[in-house]
Amino acid sequence: MPGRSSFPGRSHRLGDEKVIDLSCDLGFLRLRNPVIAASGTFGYGLEMAPFLDLNCLGAYIVKGLYLQPRTGNPPPRLVETASGLINSIGLQGIGLEPFIETILPKLRKYSAPLIINVCGESDEEYGAIVERLEKEQGIAAYELNISCPNVKRNGLCPALSPEATYTVVKLAREKSRRPIITKLSPNVTDIVSIALAAQEAGSDAISLINTILAMAVDVETRSPLLANLFGGLSGPAIKPIALRMVFQVARVVKIPVIGCGGIMTGQDALEFLLVGARAVEVGTANLIDPQACPRIIKEIEQYCLNRGIKKIEDIVGSIILEGI
Amino acid sequence: MPGRSSFPGRSHRLGDEKVIDLSCDLGFLRLRNPVIAASGTFGYGLEMAPFLDLNCLGAYIVKGLYLQPRTGNPPPRLVETASGLINSIGLQGIGLEPFIETILPKLRKYSAPLIINVCGESDEEYGAIVERLEKEQGIAAYELNISCPNVKRNGLCPALSPEATYTVVKLAREKSRRPIITKLSPNVTDIVSIALAAQEAGSDAISLINTILAMAVDVETRSPLLANLFGGLSGPAIKPIALRMVFQVARVVKIPVIGCGGIMTGQDALEFLLVGARAVEVGTANLIDPQACPRIIKEIEQYCLNRGIKKIEDIVGSIILEGI
Amino acid sequence: MASIERQAKILQHKSWGNYHRLKILAPEIAEKATPGQFVMIRINETFFPLLRRPFCLHHCHGDEIEIFFKVVGQGTAQLAEKKEGDFLDIIGPLGRGFSLPEKPDKRPALLVAGGRGIAPFVFLAHELKRLGQSMIIFYGGKTREDLPLIEDLEKNGFNLRLSTEDGCLGFKGLITELLEKELPSLNPACLYVCGPEAMLVEVARISRTWRLKAEFSLEARMGCGFGVCYGCVWPIRQGEKIEWTRICLEGPVFPAEAIAWEMKR
Amino acid sequence: MASIERQAKILQHKSWGNYHRLKILAPEIAEKATPGQFVMIRINETFFPLLRRPFCLHHCHGDEIEIFFKVVGQGTAQLAEKKEGDFLDIIGPLGRGFSLPEKPDKRPALLVAGGRGIAPFVFLAHELKRLGQSMIIFYGGKTREDLPLIEDLEKNGFNLRLSTEDGCLGFKGLITELLEKELPSLNPACLYVCGPEAMLVEVARISRTWRLKAEFSLEARMGCGFGVCYGCVWPIRQGEKIEWTRICLEGPVFPAEAIAWEMKR
Ligand SMILES: Cc1cc2nc3c(=O)[nH]c(=O)nc-3n(C[C@H](O)[C@H](O)[C@H](O)COP(=O)(O)OP(=O)(O)OC[C@H]3O[C@@H](n4cnc5c(N)ncnc54)[C@H](O)[C@@H]3O)c2cc1C
Ligand SMILES: Cc1cc2nc3c(=O)[nH]c(=O)nc-3n(C[C@H](O)[C@H](O)[C@H](O)COP(=O)(O)OP(=O)(O)OC[C@H]3O[C@@H](n4cnc5c(N)ncnc54)[C@H](O)[C@@H]3O)c2cc1C
Ligand SMILES: Cc1cc2nc3c(=O)[nH]c(=O)nc-3n(C[C@H](O)[C@H](O)[C@H](O)COP(=O)(O)O)c2cc1C
Ligand SMILES: Cc1cc2nc3c(=O)[nH]c(=O)nc-3n(C[C@H](O)[C@H](O)[C@H](O)COP(=O)(O)O)c2cc1C
Ligand code: FES
Ligand code: FES
Chain A
1 MPGRSSFPGR SHRLGDEKVI DLSCDLGFLR LRNPVIAASG TFGYGLEMAP FLDLNCLGAY
61 IVKGLYLQPR TGNPPPRLVE TASGLINSIG LQGIGLEPFI ETILPKLRKY SAPLIINVCG
121 ESDEEYGAIV ERLEKEQGIA AYELNISCPN VKRNGLCPAL SPEATYTVVK LAREKSRRPI
181 ITKLSPNVTD IVSIALAAQE AGSDAISLIN TILAMAVDVE TRSPLLANLF GGLSGPAIKP
241 IALRMVFQVA RVVKIPVIGC GGIMTGQDAL EFLLVGARAV EVGTANLIDP QACPRIIKEI
301 EQYCLNRGIK KIEDIVGSII LEGI
Chain B
1001 MPGRSSFPGR SHRLGDEKVI DLSCDLGFLR LRNPVIAASG TFGYGLEMAP FLDLNCLGAY
1061 IVKGLYLQPR TGNPPPRLVE TASGLINSIG LQGIGLEPFI ETILPKLRKY SAPLIINVCG
1121 ESDEEYGAIV ERLEKEQGIA AYELNISCPN VKRNGLCPAL SPEATYTVVK LAREKSRRPI
1181 ITKLSPNVTD IVSIALAAQE AGSDAISLIN TILAMAVDVE TRSPLLANLF GGLSGPAIKP
1241 IALRMVFQVA RVVKIPVIGC GGIMTGQDAL EFLLVGARAV EVGTANLIDP QACPRIIKEI
1301 EQYCLNRGIK KIEDIVGSII LEGI
Chain C
2001 MASIERQAKI LQHKSWGNYH RLKILAPEIA EKATPGQFVM IRINETFFPL LRRPFCLHHC
2061 HGDEIEIFFK VVGQGTAQLA EKKEGDFLDI IGPLGRGFSL PEKPDKRPAL LVAGGRGIAP
2121 FVFLAHELKR LGQSMIIFYG GKTREDLPLI EDLEKNGFNL RLSTEDGCLG FKGLITELLE
2181 KELPSLNPAC LYVCGPEAML VEVARISRTW RLKAEFSLEA RMGCGFGVCY GCVWPIRQGE
2241 KIEWTRICLE GPVFPAEAIA WEMKR
Chain D
3001 MASIERQAKI LQHKSWGNYH RLKILAPEIA EKATPGQFVM IRINETFFPL LRRPFCLHHC
3061 HGDEIEIFFK VVGQGTAQLA EKKEGDFLDI IGPLGRGFSL PEKPDKRPAL LVAGGRGIAP
3121 FVFLAHELKR LGQSMIIFYG GKTREDLPLI EDLEKNGFNL RLSTEDGCLG FKGLITELLE
3181 KELPSLNPAC LYVCGPEAML VEVARISRTW RLKAEFSLEA RMGCGFGVCY GCVWPIRQGE
3241 KIEWTRICLE GPVFPAEAIA WEMKR
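Chains as they are written, first to last, in my numbering: chain A, 1 to 324; chain B, 1001 to 1324; chain C, 2001 to 2265; chain D, 3001 to 3265.
Be aware that one or more of the hints could be misleading.
Stated by the list, open to error - Subject to a maximum C-alpha distance of 27 Å in a straight line, what follows is the list of computed DSS-like cross-link-like pairs (lysine-lysine): (1) D:Lys3082 to C:Lys2083; (2) A:Lys106 to D:Lys3009; (3) C:Lys2014 to C:Lys2106; (4) D:Lys3106 to D:Lys3155; (5) C:Lys2082 to D:Lys3082; (6) B:Lys1298 to B:Lys1310; (7) C:Lys2083 to D:Lys3014; (8) A:Lys109 to A:Lys175; (9) C:Lys2083 to D:Lys3009; (10) C:Lys2082 to D:Lys3009; (11) C:Lys2009 to C:Lys2082; (12) D:Lys3014 to D:Lys3082; (13) B:Lys1106 to C:Lys2241; (14) C:Lys2083 to D:Lys3023; (15) C:Lys2129 to C:Lys2014; (16) D:Lys3023 to D:Lys3142; (17) C:Lys2032 to C:Lys2082; (18) D:Lys3083 to A:Lys298; (19) C:Lys2082 to D:Lys3014; (20) C:Lys2023 to C:Lys2129; (21) C:Lys2082 to D:Lys3155; (22) C:Lys2083 to D:Lys3083; (23) B:Lys1298 to C:Lys2014; (24) C:Lys2014 to D:Lys3082; (25) D:Lys3083 to C:Lys2023; (26) D:Lys3083 to C:Lys2009; (27) C:Lys2009 to B:Lys1106; (28) C:Lys2023 to D:Lys3082; (29) D:Lys3082 to C:Lys2009; (30) D:Lys3241 to A:Lys106; (31) D:Lys3264 to D:Lys3241; (32) A:Lys135 to A:Lys175; (33) D:Lys3083 to C:Lys2082; (34) C:Lys2106 to C:Lys2142; (35) D:Lys3083 to C:Lys2014.
Said to hold, decoys possible - Label-pair ranges, simulated between beta-carbon atoms: (36) D:Lys3009 to C:Lys2083: 16 to 26 Å; (37) C:Leu2186 to B:Glu1220: 36 to 46 Å; (38) D:Met3001 to C:Ser2015: 26 to 36 Å; (39) C:Arg2237 to B:Asp1314: 51 to 61 Å; (40) A:Glu174 to D:Ser3099: 49 to 59 Å.
Note that these hints are calculated values from the structure, not bench results. Every value quoted in this text rests on a predicted model; they were computed, and no experiment measured them. Backbone N, C-alpha and C fix where the C-beta goes; we use that ideal spot for every residue, glycine too.
Build out the structure end to end from the sequences listed, making use of the hints.
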């Protein structure tokens, strides 16, 4: 198609006149497109630079960050399952200050919005990290990882109850002038109640889902396949569960919802947009194809082109529920 | 191997002397082997008779049964996902009396233990069904399906709270002299608390997991792929989640646990036994291969043969957790 | 009673663009099959796709069965990659097929096929021929490419009426339009119909109008194909009542008037 | 800096039982690769398996790379089915390879391979040869079948020491036993080692005892191969500290003394 830019940027020329607007409004932040690289599958961003232009992304989220350096779990940390991946990385990371000193300056060179995935061993730690980061430039938003099933708290992460979620989000909210995204865990009975608690506490957006608590066993050795016993399931296997939860949450909350879970293609991303997500996070797909995000952006664009859809925002929540 | 019976029955001759004991003790019931056909994937049993000898099974569980006939959900009722299947059958069924009149007499001809999957639109219905069935011969146990995500209760099935679980199990318990298996839903924050509630209410065993609430969307039509919007995810995709939950429950409850979720092979079944299940239920696999159950029995047997394991019960809960 | 053939060998693979025909060695299935019945084929041993796929018996002779299919998704795409000498795991024959005349009727039977709906009719046509029943095959598609079996059918001496929507071959328009146009002069014994849902709806109207006996071959997503999952239901009149009926077990062929179209979404 | 070759064509597929060697057209990777580096290969476009699989660069010349692998599971089994003319999606070269002598050492380098651990050594051996560095290849396996590359290596004039556990070829016993037996007379410049973990542990002991410089090529389950998932860690000494270190980025080759064996379970 002559005249059409192949760069997956904000808007695209169709033929001579038509233009596709892929930009997506999170209220607090306008993304050039709805594709965000998910935390923990994109390193600190820099590792991906050899493979793609970071600036083509809607945004990118770095590895979960604690105040202190963390050693993470012993290996084996990964196991493949049917259409899925279980990880128990245990949030290994360099800690806040080394991140600010050695990584952040390099990331400032990119124009794509940087989102920091904030972790905490205690409720207060979330506030402390946010407070410290407020002094730093070049951060677009925080994503509160209140839902990490890898950490050995026997599943007692804040994301499992509305009260704990409220507390943590509130603590971070009080320290932050920047937008806050709260990332929910799927390991709950009532995802909507958790989302409402985050909204109530002042979260600017909700992202979901994080991984699903899972395990795998080796019948040869009769041992667990992860040294940490449990890990988090991600990948295509969980997409139908993620999609259901995003649908449930997006119908009820007033703040924007970012969908995540098993997105491998533009079509998968569109499914999340259809059920009400304003943007999506792409996780496991980055591991398999470091150029998954730009490919997905292109595929979304192609879908719009084929159907004469001019604005990606026209897709958001446009699922047809007649007769249901 | 000469002299070895190929019939997957109670025990198997190895060479001349060794015998593998596949039988499995549920306390209230001794199964000839640990493989049970799961409810909803085996019809009323009779439909499977052309394909396999029902008597080779550890047991079989018929389709969920309500007091009244049920029309079920409109189609489409099925959608395939990555390594998974979402169904929203909606528990279509002929109802209790027609079952007793037309099906049960035919099932009495088989020696394999028959388990009735009991459903209820109200708590009391579980009791009512059990009470009526007590008058009938040829039933080995009841499995209380308190966890059906298909029925349009907005997820408010008893299986979602320990209190409701306790109530339902107790009601059924009071009406029954036969063993009761309570089948749990995975759509909860704390599966262990639900299992303990069932145990407390007098359940003789726990089975888990039922399907995981899920949805799928067609980006071509922009509509849900299931007429019922939501359905239950089953198949290999959910195995790592099921395995984790069975492990969690089996460590805590005193009553036997029956594992279920994504079992396609003998190896899958063995994984569930290793983490503490005394028996397993095979669901979706029956749809793909109506001879899945006998094949799985054989594969379990072969595993034991290869390793000189004489009793399948030696496998149960034998996962090695050293260093974890 | 269905059989499972675990190692059914592909003897021939013929293709016309998106359409494919496999000739398969499956003696147990071939022996028992009647026209309108179907088989469930395991595409491969992975979970991609997870479920078997249903296909009509396109033809049956001796130890061999044939299927005829169009590539529409991942399962059929993979099946289209299979080569002569490859093996398939097949369950069949399944379901209830078309009802055959007890003795030949002088009036012709009309076989109405839309696109890949031709699949069950080669088997049926040969069987009707064997029974001495005359017939005319109405065979329509969007364009020439959707009618790959014309030559074959002609070679076998079948009487064809063709239509394409773009008019590049035969009548220009829908096959149902051609059917309605020709009906007055044909005085048929009955209709056998297989094709997309919109076509079935239209033929249902026509058969009501003309008070013709018609049998439809239905399709639905199938979880099992042998009646245990209740995934494949259509709304079927059973006496006074309309019930969600498993088409894998009670069908896939139903009399036109049994289908409760008002319940379809 | 790694490249992604989306359509790398398989030029040759040679197999010896469970062992396979693919020659692949991948000019961008071939240009940049050094011995000990690896590639990540997408087995197919399904999710079965989901992740790519890592393989050492077995050889590199001109526009071509080679991999040498053993079938151990579903991914390698599928790779073994690939035919000449098929295409693969490959990322590489990845990681840090072996350190090469700046100028030839008179003493020989010893390349110690267990089974499929021979994989990186053909590339390395050619490179050492080019640099004028003499070497001896210690190549051991359970039995004859595990040493399929002997003829090839001999044809290329490499100096081999062979062992099999069953004694059907070469020294009877483990390759580490043969190494320790011959060490006194060899006075090597250094060891390059690749093989199963138990073998590495043993060579680590030997290299400590004899105060030899040794480099190990490590393996781990890899989620990505390019440093973003932190799935592939080994316990590596970094100064005073031991850190879980990504072997895909900082390795897969490490000096023997850097590996903190006491942390391995
Ligand atoms: C009894 C029966 C007999 C059939 N006989 C034939 C035949 O002889 N030749 C032939 O080409 N096809 C036949 N079909 C349809 C065939 O089974 C589907 O085309 C096939 O299952 C699609 O699989 P897929 O993986 O390629 O497509 P998928 O990727 O599963 O789906 C691709 C598209 O096809 C639609 N689709 C898939 N399966 C069905 C279905 N069962 N019914 C209606 N739409 C579906 C989906 O909604 C989707 O839009 C028959 C179906 C039934 C139920
Ligand atoms: C840097 C690197 C280079 C490698 N180079 C080669 C090579 O040149 N030739 C070669 O044959 N193999 C090589 N391997 C190992 C190879 O990647 C695995 O054998 C392969 O990924 C197995 O895939 P699969 O799907 O066949 O097995 P799976 O079904 O995934 O697993 C089968 C068995 O192999 C084990 N296994 C799988 N992957 C690994 C791994 N990465 N490390 C250790 N054990 C594993 C599993 O635990 C399991 O017991 C290399 C691995 C790494 C990390
Ligand atoms: C290896 C790995 C590491 C992850 N680390 C984090 C993390 O640090 N913080 C976080 O919020 N989520 C983390 N996740 C979860 C992902 O961001 C994402 O929510 C999840 O994997 C589901 O999406 P996917 O199916 O697209 O991968 C991690 C996932 C994987 C696979
Ligand atoms: C088509 C279908 C129908 C089902 N119907 C029932 C049911 O009636 N009662 C019930 O307790 N579980 C029902 N289930 C759940 C299964 O028994 C099983 O718990 C679940 O599918 C997970 O196991 P699997 O992955 O082996 O299929 C149904 C599952 C499927 C796929
Ligand atoms: S396809 Fe399972 S009942 Fe018809
Ligand atoms: S494999 Fe992902 S970081 Fe090494």
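Hint check:
A hinted pair counts as satisfied when its Cα atoms are at most 27 Å apart, and Lys3082 (chain D) with Lys2083 (chain C) qualifies at roughly 15 Å. About 37 Å separates the Cα atoms of Lys106 (chain A) and Lys3009 (chain D), which puts this hinted pair outside 27 Å; it is violated. Restraint check for Lys2014 (chain C) and Lys2106 (chain C): the C-alpha separation of about 35 Å exceeds 27 Å, so the hint is violated. Distance restraint check for Lys3106 (chain D) and Lys3155 (chain D): the Cα-Cα separation of roughly 23 Å lies within the 27 Å cut-off, and the hinted pair is therefore satisfied.
A C-alpha spacing of about 15 Å is found between Lys2082 (chain C) and Lys3082 (chain D), which places the hinted pair at or below 27 Å, so the restraint holds. Restraint check: the Cα-Cα separation between Lys1298 (chain B) and Lys1310 (chain B) comes to about 14 Å, which is no more than 27 Å; the hinted pair holds. At most 27 Å may separate the alpha-carbon atoms for a hinted pair to count; Lys2083 (chain C) and Lys3014 (chain D) meet this at roughly 23 Å. In summary, the hint linking Lys109 (chain A) to Lys175 (chain A) is supported, as the alpha carbons are separated by about 26 Å, within the 27 Å threshold.
At roughly 22 Å between alpha-carbon atoms, Lys2083 (chain C) and Lys3009 (chain D) fall within 27 Å of each other, so this suggested pair holds. Pair hint Lys2082 (chain C) plus Lys3009 (chain D) holds up; C-alpha atoms about 22 Å apart against a cutoff of 27 Å. Distance check on the hinted pair: Lys2009 (chain C) and Lys2082 (chain C) sit about 11 Å apart at the alpha-carbon level, within 27 Å; holds. With a C-alpha separation of about 11 Å, the suggested pair Lys3014 (chain D) and Lys3082 (chain D) falls inside the 27 Å cut-off, and the hint holds.
About 26 Å separates the Cα atoms of Lys1106 (chain B) and Lys2241 (chain C), which keeps this hinted pair within 27 Å; it holds. For a cut-off of 27 Å, the pair hint linking Lys2083 (chain C) to Lys3023 (chain D) stands: about 26 Å separates their Cα positions. Restraint check for Lys2129 (chain C) and Lys2014 (chain C): the C-alpha separation of about 24 Å stays at or below 27 Å, so the hint holds. A threshold of 27 Å between alpha carbons decides the hint, and for Lys3023 (chain D) with Lys3142 (chain D) the separation of about 26 Å falls inside it, so the pair holds.
Taking the CA atoms of Lys2032 (chain C) and Lys2082 (chain C), the gap is about 25 Å. The hint holds against a cut of 27 Å. Straight-line distance between C-alpha atoms of Lys3083 (chain D) and Lys298 (chain A) comes to about 31 Å, which puts the hinted pair past the 27 Å bound. Straight-line distance between C-alpha atoms of Lys2082 (chain C) and Lys3014 (chain D) comes to about 24 Å, which keeps the hinted pair within the 27 Å bound. For a cut-off of 27 Å, the pair hint linking Lys2023 (chain C) to Lys2129 (chain C) stands: about 21 Å separates their Cα positions.
With a C-alpha separation of about 40 Å, the suggested pair Lys2082 (chain C) and Lys3155 (chain D) falls outside the 27 Å cut-off, and the hint is violated. Under the criterion of a C-alpha separation no larger than 27 Å, the hint pairing Lys2083 (chain C) with Lys3083 (chain D) is consistent with the structure, at around 15 Å. A hinted pair counts as satisfied when its Cα atoms are at most 27 Å apart, and Lys1298 (chain B) with Lys2014 (chain C) does not qualify at roughly 38 Å. Distance restraint check for Lys2014 (chain C) and Lys3082 (chain D): the Cα-Cα separation of roughly 24 Å lies within the 27 Å cut-off, and the hinted pair is therefore satisfied.
Between Lys3083 (chain D) and Lys2023 (chain C) the alpha-carbon distance is near 26 Å, which keeps this suggested pair within the 27 Å criterion. With a C-alpha separation of about 22 Å, the suggested pair Lys3083 (chain D) and Lys2009 (chain C) falls inside the 27 Å cut-off, and the hint holds. For a cut-off of 27 Å, the pair hint linking Lys2009 (chain C) to Lys1106 (chain B) is broken: about 37 Å separates their Cα positions. Among the hinted pairs, Lys2023 (chain C) with Lys3082 (chain D) is consistent with the structure: their alpha-carbon atoms are about 26 Å apart, no more than 27 Å.
Restraint check: the Cα-Cα separation between Lys3082 (chain D) and Lys2009 (chain C) comes to about 22 Å, which is no more than 27 Å; the hinted pair holds. Straight-line distance between C-alpha atoms of Lys3241 (chain D) and Lys106 (chain A) comes to about 26 Å, which keeps the hinted pair within the 27 Å bound. Our distance criterion of 27 Å between C-alpha atoms is met by Lys3264 (chain D) and Lys3241 (chain D), whose separation comes to about 15 Å. Between Lys135 (chain A) and Lys175 (chain A) the CA atoms are separated by roughly 11 Å; this keeps the pair inside 27 Å, and the hint holds.
Taking the CA atoms of Lys3083 (chain D) and Lys2082 (chain C), the gap is near 15 Å; set against the 27 Å cutoff, the hint holds. Proximity of Lys2106 (chain C) to Lys2142 (chain C) is assessed by CA-CA distance (about 32 Å); at most 27 Å being required, the pair is judged violated. Under the criterion of a C-alpha separation no larger than 27 Å, the hint pairing Lys3083 (chain D) with Lys2014 (chain C) is consistent with the structure, at around 23 Å. In this structure, Lys3009 (chain D) and Lys2083 (chain C) meet the distance hint of 16 to 26 Å, their C-beta atoms being roughly 21 Å apart.
About 38 Å separates the C-beta atoms of Leu2186 (chain C) and Glu1220 (chain B), a value consistent with the hinted range of 36 to 46 Å. Separated by about 44 Å at the C-beta atoms, Met3001 (chain D) and Ser2015 (chain C) break the suggested range of 26 to 36 Å. For the pair Arg2237 (chain C) and Asp1314 (chain B), the supplied restraint of 51 to 61 Å holds, since their beta-carbon distance comes to about 56 Å. The given range of 49 to 59 Å is respected by Glu174 (chain A) and Ser3099 (chain D), whose C-beta atoms sit roughly 52 Å from each other.
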